[in-house]
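There are 2 protein chains.
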Amino acid sequence: MSRISCPVLARRTASAAEAAALVRPGDSVGISGFTGAGFPKAVPVALADRMQAARARGEDFQIGLWSGASTGPAVDGALAGVHGLSKRLPYNSDPDLRRLINAGEVDYVDAHLSHAAQQAWFGFYGDLDVAIIEVAAVLPNGLLVPGTSLGNNKTWLERAHKVVLEVNSWLPRDLEGFHDVYYGAAVPPHRIPIQLTHPMQRIGDPYLRVDPSKVVAVVETHAPDRNSPLDEPDDNSRAMAALLVDFLRHEVAAGRMPPGLLPLQSGVGSTPNAVMEGLLTAEFEGLTSFTEVIQDGLLDLLDAGKLTSVSATSFGLSPAGQQRFLDNVGSYKGRVLLRSQDISNHPELVRRLGVIAINGMIEADIYGNVNSSHVMGSAIMNGVGGSGDFARNAYLNFFVSDSLAKGGAISSIVPMVSHVDHTEHDVHVLITEQGLADLRGLSPTDRADRVIAHCAHPDYRDRLRDYVDRARAARPEARHTPHLLDEALGWHAAYLREGRM
Amino acid sequence: MSRISCPVLARRTASAAEAAALVRPGDSVGISGFTGAGFPKAVPVALADRMQAARARGEDFQIGLWSGASTGPAVDGALAGVHGLSKRLPYNSDPDLRRLINAGEVDYVDAHLSHAAQQAWFGFYGDLDVAIIEVAAVLPNGLLVPGTSLGNNKTWLERAHKVVLEVNSWLPRDLEGFHDVYYGAAVPPHRIPIQLTHPMQRIGDPYLRVDPSKVVAVVETHAPDRNSPLDEPDDNSRAMAALLVDFLRHEVAAGRMPPGLLPLQSGVGSTPNAVMEGLLTAEFEGLTSFTEVIQDGLLDLLDAGKLTSVSATSFGLSPAGQQRFLDNVGSYKGRVLLRSQDISNHPELVRRLGVIAINGMIEADIYGNVNSSHVMGSAIMNGVGGSGDFARNAYLNFFVSDSLAKGGAISSIVPMVSHVDHTEHDVHVLITEQGLADLRGLSPTDRADRVIAHCAHPDYRDRLRDYVDRARAARPEARHTPHLLDEALGWHAAYLREGRM
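Taken in order, these protein sequences are the chains called D and S. Per this note's numbering, numbering through the first sequence is continuous, rising by one, with the last residue being 501. Per this note's numbering, numbering through the second sequence is continuous, rising by one, with the last residue being 1002.
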């Protein structure tokens, strides 16, 4: 039975190739998709075919691509494969596209995920020509049942001149009711307070709206989301999870946090996920979550009854986790709510709710600056994502990483990070498998002592200590944040030169 | 006639020396004061005398000092002079104290100004032993008429175990009615939306409250605020102001901003102030301001009727500006509103209102990272202040600086900043006297092109271009943010070694 129950929109049914033909070279295209969930499965592939053909004819065919966050091989991979992207924002994790970005072929605008929608509304990115949005169903009245992510879908549907819908029958029809699409947003000076005071409060509609006159094609698909096998937590991840859970226990005991904690945000990755696993066996009850992405660990906590509910913008599940969700979709209704990413990550809400933010990092320096996005200063890994939205406004933030990478050739604790995504003013707690450094309320010098003593790997500890000592001695009149500028990035430079720091 | 009309509190009248005797070595002391306005004039000086005497006896006497922002010589200067501070937060601009911080003698916690109050409430800084708060009057019912700044006064009054009030009869008694102290704040999970939708909306009370049982001393003073002569705008400042005003004009014409603009925030300094002067002769009418500090330029705009009103947390006036305000205090009532700094700088409100943020900087790099706080990576200048609160959440932000410093020995546009306060994800527009670089929606490579072409001084432009070209060539697989890590901070290192970049 068709998922397209609206007579007006049913008449726009088209093939993926027909829909792709409506995209012109040079267009800016907004797509659905966040962490591999809810991206359009068919039209971008058909568009890549068109681009391939155009290239074979010696024609140029590139577009700018705007998403929620990361998509899947059928979007970024396919379009990268035919060199079809000139610009990409605000986030990507596709390895093929990453190579093109790092080759300087694609302009990548790596932005805070809560900023993308409003910057589009402000006109900072120019016009949006086409939106390609995956949905679970089109209701008789033309309202859209969203899919497994909301991301920037509302904004793209409203801003685009033309809209292509992909109706994916693989998505459970039961997704109806899982969404809360806030329609109270506006552009200054017309903004009003967002009246949300609890992670699960509904402030919007369960449906996306679309102006039917803009819908140029409705394409039926049946294809799964991308899902990524999740690494089984290793000893290091478990060690970091234990440190973090113990710290939360300590904060509760000190009266700095309620016994049921505060709403949890957990970044994508196996260590943040391991922390959720760590909470499974901890004593905390009645947990809540106000986060970006629902990984397996949150599902486990829900299933165990430790977590009462979770608000997010998307799923990021393993194959097993995805199957578990699909098999029991009804049981999660009312306990899982998906929001637009400008709401899930909104500074106003993150600060009001007092979120506990747990995010991975590439490296941190001894003074507490954190690099989330760049390898050795120049090559993008994925991007800042939502980490800045949450960390800056959190009640308490954690950044976690193994203390070593590349078999010990890289220390993730360095004299100076090679790129700053989170400044020394913003970082509360660093955790590696070596230990935890609580940096709250400390001066840079005190931070350095703690980070070196607690987080650095013993193989690098003495050299870091030596760096600080020499930096202090070198400029007695500049000891607020002692640095040796000739050496500050020397560890990274040595790695590039010699393959080890 | 006494300003202390409350019989209960009148009985606590004491001398500054008596009040200072209530502060113990090792105490954490919260004081009023922001940009040299509203700091206590007498008790810290008396405390410094006590410390001096203690030192003469061979005893140690240091305290931790928490303020709103910068104070005056009678606080930071006096206490630094006797080495009386072990810790200082969240902001300082006193030259003597700066020297001690940079000598490594004082632990300085340089924090976002909207974060300080909540981090105190969260317990991140430990207990607050004493608050020393300047007010304009004590009403018969015990309510306090605040002075020329609100800063963190509400929080210090509520958090401190003991309270010392300084009632300064130099302050105009007419300050009554200029304040809006928000009493709806809470700690998560009890926070609610802040119901403010216009810069001048009142959401609080005109008075500060204090628990009379905590008031251990009330000291009468008669002493002026610090005021700093403001540099007459030079040609560079005027050039930058003209560029900025012209850009706003351009944004209005493009439909990206209403004709009356959006609420203005202007950082402390002569260039931001010159921008306000530039607006005096521009065509914009009905301007509003949601800012931290009221400098002369805003007063000029108010007097000219261009600016309808201004919301801030403090004044930062020149001697002439101060006199003008004092002489006409009644005429500003209803057009000037002072708020607590966690409200004046609140991310929720800055984002909702869509503030236009204009702040000075020390340096920017070609990729749009900005350093607001550190000289050559290690020595603190003042601190990040409120620049991060505003820039991150602004509708549009500008960072302004001369392209050269030290007679050309320093370029304020560098390959890589020596300290990051505002990341590449956060900076919209850079301005020097050379030109303006609009970085919105650009990739790092495109940003570098614009910053070098428009903002760098011609004397440094070729070397910057050469740096980027060589960085791109050196690592063809790492061209997202091309850097040469051996050279990235080499300009700063050269300056330290040779006195020029």
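Hints were generated in silico from the structure; no laboratory data involved. Yeah, the Cβ is synthetic: ideal placement off N, Cα and C, and Gly gets one too. Hints may be right or wrong, so weigh each one.
Unchecked claim - Simulated coverage check for chain S against chain D, where a stretch passes if three residues somewhere in it have a Cβ under 8 Å from a Cβ of chain D:
#1 534-545
#2 687-695
#3 755-763
#4 989-1001
To be verified - Coverage of chain S stretches by chain D, computed from C-beta distances (three or more under 8 Å per stretch; other residues unrestricted):
#5 652-665
#6 849-860
#7 877-888
#8 892-899
#9 974-984
Results of checking the hints against the structure:
1. 534-545: Per the Cβ count (0), the hint is violated.
2. 687-695: holds (count 7)
3. 755-763: holds (count 5)
4. 989-1001: It holds: at least three residues are needed, and the region 989-1001 of chain S offers 6 whose Cβ sits within less than 8 Å of chain D.
5. 652-665: violated (count 0)
6. 849-860: Since three or more residues must qualify, the claim that chain D covers the region 849-860 of chain S holds, with 5 doing so at under 8 Å.
7. 877-888: With 6 residues close enough to chain D, the hint holds.
8. 892-899: holds (count 4)
9. 974-984: holds (count 9)
In the structure shown, a violation is registered for the earlier hints numbered 1 and 5, in ascending order.
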